[in-house]
Amino acid sequence: MDNHKLLEVKELKKYYPVTGGLFSRHLGDVKAVDGVSLYINEGETLGLVGESGCGKSTLGRTILRLEEPTGGEIIYRGTSVTGLDKGELRELRREIQMIFQDPQSFLDPRMTVGQSIGEALLIHGVKDETERLQRVAEILERVGLEAQHALRYPHEFSSGQRQRIGIGRALILNPRLIIADEPVSALDVSIQAQILNLMLDLRDEFGLTYLFIAHDLSVIRYVSHRVAVMYLGKIVELAEKDEIFHNPLHPYTEALLSAIPTIGQKKKARILLPGSVPSSLEPPSGCRFHTRCHRVLPVCPQEGPPLKDNGHGHLVACHLRGVR
Numbered sequence: 519m520d521n522h523k524l525l526e527v528k529e530l531k532k533y534y535p536v537t538g539g540l541f542s543r544h545l546g547d548v549k550a551v552d553g554v555s556l557y558i559n560e561g562e563t564l565g566l567v568g569e570s571g572c573g574k575s576t577l578g579r580t581i582l583r584l585e586e587p588t589g590g591e592i593i594y595r596g597t598s599v600t601g602l603d604k605g606e607l608r609e610l611r612r613e614i615q616m617i618f619q620d621p622q623s624f625l626d627p628r629m630t631v632g633q634s635i636g637e638a639l640l641i642h643g644v645k646d647e648t649e650r651l652q653r654v655a656e657i658l659e660r661v662g663l664e665a666q667h668a669l670r671y672p673h674e675f676s677s678g679q680r681q682r683i684g685i686g687r688a689l690i691l692n693p694r695l696i697i698a699d700e701p702v703s704a705l706d707v708s709i710q711a712q713i714l715n716l717m718l719d720l721r722d723e724f725g726l727t728y729l730f731i732a733h734d735l736s737v738i739r740y741v742s743h744r745v746a747v748m749y750l751g752k753i754v755e756l757a758e759k760d761e762i763f764h765n766p767l768h769p770y771t772e773a774l775l776s777a778i779p780t781i782g783q784k785k786k787a788r789i790l791l792p793g794s795v796p797s798s799l800e801p802p803s804g805c806r807f808h809t810r811c812h813r814v815l816p817v818c819p820q821e822g823p824p825l826k827d828n829g830h831g832h833l834v835a836c837h838l839r840g841v842r
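Using the working numbering, you'd call the opening residue of the sequence shown number 519 and step up by one each time.
No lab work stands behind these hints, which were simulated from the structure alone.
All of these numbers come straight from a predicted model, not from anything done at the bench.
It is possible that some hints are incorrect.
Pairwise CB distance ranges (calculated) [to be verified]: (1) K645 / T537: 40 to 50 Å; (2) N765 / N692: 35 to 45 Å; (3) S677 / H812: 34 to 44 Å; (4) R813 / Q622: 39 to 49 Å; (5) L799 / K645: 40 to 50 Å; (6) P796 / S677: 32 to 42 Å; (7) T648 / F763: 48 to 58 Å; (8) S803 / D760: 26 to 36 Å; (9) G829 / L651: 48 to 58 Å; (10) S542 / G829: 42 to 52 Å; (11) Q712 / G538: 39 to 49 Å.
Derived pair list, reagent style EDC-like, types lysine to aspartate or glutamate, alpha-carbon separation capped at 16 Å [stated by the list, open to error]: (12) K604 / E586; (13) K523 / E560; (14) K759 / E772; (15) K759 / D734; (16) K523 / E586; (17) K826 / E529; (18) K531 / E586; (19) K523 / D547; (20) K604 / E585; (21) K826 / E758; (22) K523 / E613; (23) K528 / E586; (24) K531 / E591; (25) K528 / E591; (26) K531 / E585.
Backbone N, C-alpha and C fix where the C-beta goes; we use that ideal spot for every residue, glycine too.
Sequences and hints are given; from them, build the entire structure.
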């Protein structure tokens with residue numbers, strides 16, 4: 519794995535304004551992503567995990583600029599892309615693509631699979647129909663389908679096959695970075711393994727880099743080199759995969775890991791978090807996790823801990839941990 523940074527995010531924010539009343543007054547902001555900083559090396563898979571509603575998907579969409587950032591900076595291959603115009607964004611999206619959780623949501627039921635996959639080629643200037651058809655056939659075969667499947671419509675495929683089509687659609691422009699947003703969470707467990715293995719094979723074959731978003735820690739462990747843990751719009755822990763799973767430093771990470779089912783080994787005590795994730799419209803003061811934390815300190819409601827290195831590149835945002 520190359521140590522060259524392909525993508526870097528600095529203090530990225532995505533707020534959604536909330537308005538109400540007769541004159542649509544600004545009542546506040548939903549802080550979906552609130553000051554996230556991270557990087558992804560060339561050829562690496564960074565796993566991003568957290569509960570539903572913590573801002574994982576919004577972060578992925580904001581990096582691709584499907585959502586416009588409220589603040590912060592996105593740097594791709596050493597160049598800031600935060601302020602790119604539409605034309606420049608079109609070129610950027612040749613290199614950064616997204617795989618969505620539900621392929622049914624982005625496959626037009628009125629278009630054949632070949633038309634859906636080939637549409638990106640047409641948008642990016644491949645006018646020759648024969649060339650488009652050839653490239654679509656090649657990519658379908660590479661993701662485990664057949665060339666003649668290009669003539670069929672999305673409803674004629676199983677959910678696993680549709681996700682293969684989604685992967686093919688993301689690959690057709692030869693991207694370098696793929697943001698995979700819960701790509702297997704809607705699939706049966708047996709199909710999940712097939713899709714994960716396909717994505718790992720493609721990563722190795724094409725030198726792809728992944729931001730892999732999921733809530734299933736077992737999936738994250740299988741595919742990732744490093745893991746970032748997100749809670750209520752912020753990264754609370756980030757480290758090498760083995761460090762996260764064998765030496766978690768944040769109480770939230772400890773709670774997530776305690777919930778993983780185990781077979782044939784001693785089970786750790788389950789850490790039950792009270793309540794649910796607070797609203798991003800009015801997040802708790804200080805450390806956002808303090809309202810559910812089983813190891814809360816007096817300082818936690820007063821001061822938000824910064825994300826700092828606790829040694830060997832293991833980043834954690836927690837008052838419990840002294841910085842070396």
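Going through the hints against the structure:
1. K645 / T537: 40 to 50 Å: With Cβ atoms ~45 Å apart, the hint holds.
2. N765 / N692: 35 to 45 Å: The hinted range 35 to 45 Å holds for N765 and N692, with Cβ atoms some 38 Å apart.
3. S677 / H812: 34 to 44 Å: holds (38 Å)
4. R813 / Q622: 39 to 49 Å: The hint (39 to 49 Å, Cβ to Cβ) holds, given that R813 and Q622 are roughly 42 Å apart.
5. L799 / K645: 40 to 50 Å: holds (48 Å)
6. P796 / S677: 32 to 42 Å: Check passed, 33 Å falls within 32 to 42 Å.
7. T648 / F763: 48 to 58 Å: Holds - the Cβ-Cβ distance for T648 and F763, about 49 Å, lies within 48 to 58 Å.
8. S803 / D760: 26 to 36 Å: holds (34 Å)
9. G829 / L651: 48 to 58 Å: Hint holds: Cβ distance 54 Å, inside 48 to 58 Å.
10. S542 / G829: 42 to 52 Å: At 49 Å between Cβs, range holds.
11. Q712 / G538: 39 to 49 Å: holds (47 Å)
12. K604 / E586: Cα-Cα ~12 Å, so holds.
13. K523 / E560: holds (6 Å)
14. K759 / E772: holds (14 Å)
15. K759 / D734: holds (14 Å)
16. K523 / E586: Status violated; Cα separation ~23 Å.
17. K826 / E529: holds (14 Å)
18. K531 / E586: Holds: K531 and E586 sit about 9 Å apart, inside 16 Å.
19. K523 / D547: violated (32 Å)
20. K604 / E585: holds (13 Å)
21. K826 / E758: At roughly 15 Å apart (the allowed maximum being 16 Å), E758 and K826 satisfy the hint.
22. K523 / E613: Status holds; Cα separation ~15 Å.
23. K528 / E586: Roughly 15 Å between the alpha carbons, so the hint for K528 and E586 holds.
24. K531 / E591: holds (9 Å)
25. K528 / E591: Holds: K528 and E591 sit about 5 Å apart, inside 16 Å.
26. K531 / E585: Holds. K531 to E585 sits at ~11 Å (cutoff 16 Å).
This entry does not satisfy hints 16 and 19, going by the numbered hints stated previously.
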